[in-house]
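S.K.: If you want the building blocks of each chain, they are given just below.
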Amino acid sequence: MIRLAFLVAGVGALGYGCWLLVPQLTTTVPWLIAGPIVHDLVVAPLLAGVGLILTRARVGAAVRTALMVTATLALIAVPLVWRPSAAPDNPGLQNRDYPRDLALWLTALWAALAVSWLLRRRRRVGPPTAGTRNE
Amino acid sequence: MRAPAPHAASRLGLWLAVAFGVCFVTGLLSHAIQHPPAWFWWPSRPVQLYRVNQGLHVLSGVAAVPLLLAKLWTVYPRLFLRPPRAFGPLVRHAAERVATLVLVCSAFFELVTGLFNVAQSYPWRFFFPAAHYAVAWLAVGAIGVHVAIKLPVARSARPDPERRAFLRSAGVTAAAALVATAGVTVPWLRSVSPLAWRAGPGPQGVPVNRTAAAAHITVPDDWHLDVRWAGGSATMSLATLHALRQRTARLPIACVEGWSADADWTGVPLRDLLGAVGAPTDRPVRVSSLEKAGLYASSVLPRPHARDPLTLLALRLNGETLSPDHGFPCRIIAPNRPGVLQTKWVTLIEVLP
Numbered sequence: 001m002i003r004l005a006f007l008v009a010g011v012g013a014l015g016y017g018c019w020l021l022v023p024q025l026t027t028t029v030p031w032l033i034a035g036p037i038v039h040d041l042v043v044a045p046l047l048a049g050v051g052l053i054l055t056r057a058r059v060g061a062a063v064r065t066a067l068m069v070t071a072t073l074a075l076i077a078v079p080l081v082w083r084p085s086a087a088p089d090n091p092g093l094q095n096r097d098y099p100r101d102l103a104l105w106l107t108a109l110w111a112a113l114a115v116s117w118l119l120r121r122r123r124r125v126g127p128p129t130a131g132t133r134n135e
Numbered sequence: 001m002r003a004p005a006p007h008a009a010s011r012l013g014l015w016l017a018v019a020f021g022v023c024f025v026t027g028l029l030s031h032a033i034q035h036p037p038a039w040f041w042w043p044s045r046p047v048q049l050y051r052v053n054q055g056l057h058v059l060s061g062v063a064a065v066p067l068l069l070a071k072l073w074t075v076y077p078r079l080f081l082r083p084p085r086a087f088g089p090l091v092r093h094a095a096e097r098v099a100t101l102v103l104v105c106s107a108f109f110e111l112v113t114g115l116f117n118v119a120q121s122y123p124w125r126f127f128f129p130a131a132h133y134a135v136a137w138l139a140v141g142a143i144g145v146h147v148a149i150k151l152p153v154a155r156s157a158r159p160d161p162e163r164r165a166f167l168r169s170a171g172v173t174a175a176a177a178l179v180a181t182a183g184v185t186v187p188w189l190r191s192v193s194p195l196a197w198r199a200g201p202g203p204q205g206v207p208v209n210r211t212a213a214a215a216h217i218t219v220p221d222d223w224h225l226d227v228r229w230a231g232g233s234a235t236m237s238l239a240t241l242h243a244l245r246q247r248t249a250r251l252p253i254a255c256v257e258g259w260s261a262d263a264d265w266t267g268v269p270l271r272d273l274l275g276a277v278g279a280p281t282d283r284p285v286r287v288s289s290l291e292k293a294g295l296y297a298s299s300v301l302p303r304p305h306a307r308d309p310l311t312l313l314a315l316r317l318n319g320e321t322l323s324p325d326h327g328f329p330c331r332i333i334a335p336n337r338p339g340v341l342q343t344k345w346v347t348l349i350e351v352l353p
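Protein sequences, first through last, are from chains A and B. Read in the UniProt record's numbering, the first sequence has 76 at position 76, and its numbers run on one by one without any break. Read in the UniProt record's numbering, the second sequence has 255 at position 255, and its numbers run on one by one without any break.
Rather than coming from a laboratory, the hints here were simulated on the basis of the structure. Ideal Cβ positions, reconstructed from N, Cα and C, are used throughout, including at glycine. Where hints are given, some of them may not hold.
Computed footprint of chain B on chain A; a stretch qualifies when at least three of its residues, placed anywhere within it, have a C-beta under 8 Å from a C-beta of chain B [unchecked claim]: (1) 7 to 18; (2) 21 to 32; (3) 35 to 45; (4) 111 to 122.
Restraint-style ranges between C-beta atoms, simulated for each label pair [claimed, not checked]: (5) A:Ala111 / B:Ala175: 12 to 22 Å; (6) A:Val29 / B:Ala175: 31 to 41 Å; (7) B:Pro152 / A:Gly49: 44 to 54 Å; (8) B:Glu162 / A:Gly49: 12 to 22 Å.
Generate the whole structure from the sequences, applying the supplied hints.
M.R.: Have a look at this one:
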């Protein structure tokens, strides 16, 4: 019953959306089909490759999460950095330097990760005893 | 290839349904405020409601980006499933694939066009609001059909400990994306969020979307404000406006693109101005700009906003005379409205019948 309700409401919304979209079909269709094409043929195989390397290298969950955060933020930054045809210039607006701020943010993230890794490793190994290290 | 992960997929699906649901409802609301159907009514209070609505709209979209990618990652192997041979199952299989394709197309379209729009970058030939609105209906419709198909799978899925770390990573990534952008509308995050698309203070401490130059505004030396209503009209000079009792109100400019900023606006309450010339004060009001062309050269203040004592014909911003980019000589600033409807460079006020 609840599935039928979802189906009916879904088909209704789809129909309305199609009706709205018909007059703009020629300009929107390339942008509609680009998503799955780029994802299925480029993004997903790339992720699969990276995933394989991470698994082989036995990379932990923290590094995987940090990689996901890095990739996601880089993706969200694309429209801010790559502006093929922007709106008219807006000289009154001092926008920030996105690449620099994002780089700072990600550096802080990876530095925190490295510090926590070092601390954990140190605790596990124990403090190094004096004179045992070859330098 | 990894085994299918129905639990992780359904959990991510639930999160995505919440994100897209919030995005859809807030988007519909914003659309209705800008193109009100006859039955629609939108109040002038709470003052910050539209700001919260648009903040939720853009941030739920941002959070959906990593969630959508994570979801597709868990179900990617299903792309390579071999179709069944028998006719009945083959038809069902094909229908499911078509429904999923529509879902993925529309979901990517909404997120990508939304992100480019907030960055004011337009690498396409369609009209963004119309296309984004139409595809939003496709996306929710496709989500509805998808839920109808997948509900039994989601209900019978058992938690999979191997995928727990992945789910946690996806959640953390969505949270990080939120913090990285929320500064557009949350003031105390403004300096923290590296990807807040409106981070600069702008002229007089408030960002601007449409500058006076972009709108081709030249204020004539003999500028005056015309007020018209059924049965009368009046003309007011800038000096007359300054001579009327002024009021200062702290109101946000809340853009449809999600960014927002509070400011102190000083000017004549619209209600008082209409009362001073003897025009009716309980009717909707159309406000027109010096701007000749453009979609937002005029706006209609519905009754609740026209009557609200906080709705100002503002002459000053943060203690200074309005700068050209903020609408000199005067602009409308009303509570709980989209920024694009806060008409600048006002030259004509008409009380509608």
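S.K.: Check the structure against each numbered hint from earlier and tell me which ones fail, lowest number first.
M.R.: 4 and 7
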